[in-house]
Structures are given as structure tokens and as C-alpha cells.
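Novice: If you want the building blocks of each chain, they are given just below.
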Amino acid sequence: DQQVKQNSPSLSVQEGRISILNCDYTNSMFDYFLWYKKYPAEGPTFLISISSIKDKNEDGRFTVFLNKSAKHLSLHIVPSQPGDSAVYFCAASAWGGATNKLIFGTGTLLAVQP
Amino acid sequence: NAGVTQTPKFQVLKTGQSMTLQCAQDMNHNSMYWYRQDPGMGLRLIYYSASEGTTDKGEVPNGYNVSRLNKREFSLRLESAAPSQTSVYFCALGDRGATGELFFGEGSRLTVL
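These protein sequence lines map, in sequence, to chains A and B.
Heads up: the first sequence is residues 1 to 114, going by the numbering used here.
Heads up: the second sequence is residues 1 to 113, going by the numbering used here.
These aren't lab readings, by the way, just hints derived from the structure by calculation.
The beta carbon of each residue, even a glycine, is placed where N, CA and C say it ideally should be.
Take the hints with a grain of salt, since some may be wrong.
Claimed, not checked - Taking lysine-lysine and the DSS-like style, the derived pairs with C-alpha atoms no more than 27 angstroms apart in a straight line are:
| # | chain 1 | residue 1 | chain 2 | residue 2 |
| --- | --- | --- | --- | --- |
| 1 | A | Lys71 | A | Lys54 |
| 2 | B | Lys57 | A | Lys5 |
| 3 | B | Lys57 | B | Lys9 |
| 4 | B | Lys57 | B | Lys14 |
| 5 | B | Lys9 | B | Lys71 |
| 6 | B | Lys57 | B | Lys71 |
| 7 | A | Lys68 | A | Lys37 |
| 8 | B | Lys9 | A | Lys37 |
| 9 | A | Lys37 | B | Lys57 |
Unchecked claim - Partial selection, computed: residues in chain B whose CB lies under 10 angstroms from chain A:
| # | residue |
| --- | --- |
| 10 | Gln6 |
| 11 | Leu45 |
| 12 | Glu52 |
| 13 | Asp56 |
| 14 | Asp95 |
| 15 | Phe104 |
To be verified - Label pairs and their calculated CB-CB ranges:
| # | chain 1 | residue 1 | chain 2 | residue 2 | range |
| --- | --- | --- | --- | --- | --- |
| 16 | A | Asn27 | B | Thr5 | 45 to 53 angstroms |
| 17 | A | Val78 | B | Thr99 | 15 to 23 angstroms |
| 18 | B | Pro83 | A | Arg61 | 35 to 43 angstroms |
| 19 | A | Asn57 | B | Val12 | 37 to 45 angstroms |
| 20 | A | Pro114 | B | Ala82 | 14 to 22 angstroms |
| 21 | B | Phe10 | A | Gly60 | 28 to 36 angstroms |
Chain A with its partners taken away, still in its complex shape (with noise of 0.2 angstroms):
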């Protein structure tokens, strides 16, 4: 049973526009909900993150919004450029003591085009 899922496996946006990612989750225990990004042959790299307690996070060009009710977050890229393009994971944690077990999504494919 997928906890956390990208029902879009790929998106494709002109270099200016807004780049919507989106992500449900079914598990109301997780309390954190992170963006990471991936290119290929590396590693997962941090993007932003959004606590439970709020419903917006923003930082430069990215900004997620939390749907508690609908169980749904979202990443905004504005404006999109060329080395945006990559793998974006929604990933989400439930508390669980000292430990931050991330449950991931499948990814969705950002192709940010010239």
C-alpha cells in the first residue's frame, strides 16, 4: 500500500513557466513533507521542506503548499529554467523518536524545455 504517491510520472514546462509537481499521502500521522530532487548518477538532494502546522512554505523560486484535508501537497517552480530538470521526490515522515524515516513516492520526471 502506497503511503505517498506521484500519480505523474513526468511533466514537461517551457523555461519561464510555472512547473506544478503534486503528491497525495494517505498516512495522517506523517508531521513533515519534503521535496527532494535527483539527478542522474547522484544522489537525492534536499529541496524544501513544510511542517504539518502550516500550509505554505516558500524559498526563492520554490514553494510548497500543504492540503491537509485533501491529504495533498504541491511544489511550484516559478520560473522554471533548463537545470531545473530532473527527478523530483515527495517524501514524508511520520514522528517516530530520534529517528526521520522518509517515506518516498515513485518521482515524476521534470523536463524544463528551452
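Given chain A, work out where chain B should sit, using these hints.
Specialist: Okay, now just chain B, sitting in the frame of chain A:
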């Protein structure tokens, strides 16, 4: 990915062979994790360790063993490799913190023939 070192980066094994993936950190985190990434499956947690000498199973532990002998190192062992274990393996580390972030290594690509 500075601070998390994985070895080897590439390995080809025959079915039934054994091998150990090594992970070392210099970031002073207590918690360390092993994930595998497969096409269309995202990253799945194999095992994790909350501190030196403790380990726990994740989502997909079958066919693997781990060892956390000290704070710096966390190894993943395949005792009898199977083609289903062909994957990219990532070591990660991070304790519960302000952002919930984990730091990942660059990955180890394993092929089992």
C-alpha cells in the same frame, strides 16, 4: 553529498555471490539509513540504525543484513545475491531536526547477473 561516502560505486555480481556495501559519515549524525531505488518504485527503506549498535528493519529488508559497529559507519550486506537485488543503493543520514532533511550519498549501482 559531502559528508556521506559510499563504496563501491559500481559492482557486478553473479547470483549467489555475497558482498558488502560500505557507508561512512563525517557529519556526526546518530541515525543512518539504507535505501534502494528502482525504476517506477521510488526510494524504499531497507534498514536503518538509530545509534551505534542498534538496527531496525525498513520496508524491504528481506535478503539483506546490516551492521552498525560505530557511529561513523553503517554497512549493508547481501549474503546470497539475487537478480531482484539489482538496484541503486543509497546511504542516508539524519536525525529528527528542524527541516526533516536526510543527507544522501551518491549511490552504489549493483547489478546481479
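Novice: Compare the structure with each hint and give your call.
Specialist: Here's how the hints hold up against the structure:
1. Between the alpha carbons of Lys71 of chain A and Lys54 of chain A the distance comes to roughly 13 angstroms, so the proposed pair stays at or under 27 angstroms and holds.
2. For the given pair, Lys57 of chain B sits about 22 angstroms from Lys5 of chain A by alpha-carbon distance, which is consistent with the 27 angstroms threshold.
3. For the hint pairing Lys57 of chain B with Lys9 of chain B, the CA-to-CA distance comes to about 24 angstroms; that is within 27 angstroms, so the pair holds.
4. A distance of roughly 25 angstroms separates the Cα atoms of Lys57 of chain B and Lys14 of chain B; the hinted pair therefore holds under the 27 angstroms criterion.
5. Proposed proximity of Lys9 of chain B and Lys71 of chain B is supported: the alpha carbons are some 22 angstroms apart, at most 27 angstroms.
6. Of the supplied pair hints, the one linking Lys57 of chain B and Lys71 of chain B holds, its CA atoms being roughly 18 angstroms apart against a limit of 27 angstroms.
7. Proposed proximity of Lys68 of chain A and Lys37 of chain A is supported: the alpha carbons are some 23 angstroms apart, at most 27 angstroms.
8. For the proposed pair Lys9 of chain B and Lys37 of chain A, the alpha carbon gap of about 20 angstroms is at most 27 angstroms, so the pair holds.
9. Straight-line distance between C-alpha atoms of Lys37 of chain A and Lys57 of chain B comes to about 26 angstroms, which keeps the hinted pair within the 27 angstroms bound.
10. Below 10 angstroms, beta-carbon pairs count as interface contacts, and Gln6 of chain B has one with chain A at about 8 angstroms; its hint therefore holds.
11. For Leu45 of chain B, the interface hint holds, the least distance from its beta-carbon to any beta-carbon of chain A being 6 angstroms, beneath 10 angstroms.
12. Interface restraint check: Glu52 of chain B against chain A, minimum CB-CB distance 13 angstroms, threshold 10 angstroms, status violated.
13. With its C-beta approaching chain A no nearer than about 8 angstroms, Asp56 of chain B sits inside the 10 angstroms limit, and its interface hint holds.
14. For the restraint placing Asp95 of chain B at the interface with chain A, the shortest Cβ-Cβ distance is roughly 6 angstroms, inside the 10 angstroms limit, so the hint holds.
15. Hint on Phe104 of chain B holds. Least Cβ distance to chain A is approximately 4 angstroms, under the 10 angstroms limit.
16. Distance hint check for Asn27 of chain A and Thr5 of chain B: the Cβ-Cβ separation is about 33 angstroms, which falls outside the suggested range of 45 to 53 angstroms.
17. In this structure, Val78 of chain A and Thr99 of chain B meet the distance hint of 15 to 23 angstroms, their C-beta atoms being roughly 21 angstroms apart.
18. Between Pro83 of chain B and Arg61 of chain A the C-beta distance comes to about 42 angstroms, which sits within the given range of 35 to 43 angstroms.
19. For Asn57 of chain A and Val12 of chain B, the hinted distance range of 37 to 45 angstroms is satisfied, since their beta carbons lie about 42 angstroms from each other.
20. Range check, Pro114 of chain A to Ala82 of chain B: Cβ separation about 43 angstroms, and the 14 to 22 angstroms hint is violated.
21. In this structure the supplied range 28 to 36 angstroms holds for Phe10 of chain B paired with Gly60 of chain A, their Cβ-Cβ distance being about 35 angstroms.
When the structure is compared with the earlier hints, violations turn up for hints 12, 16, 20 and for no others.
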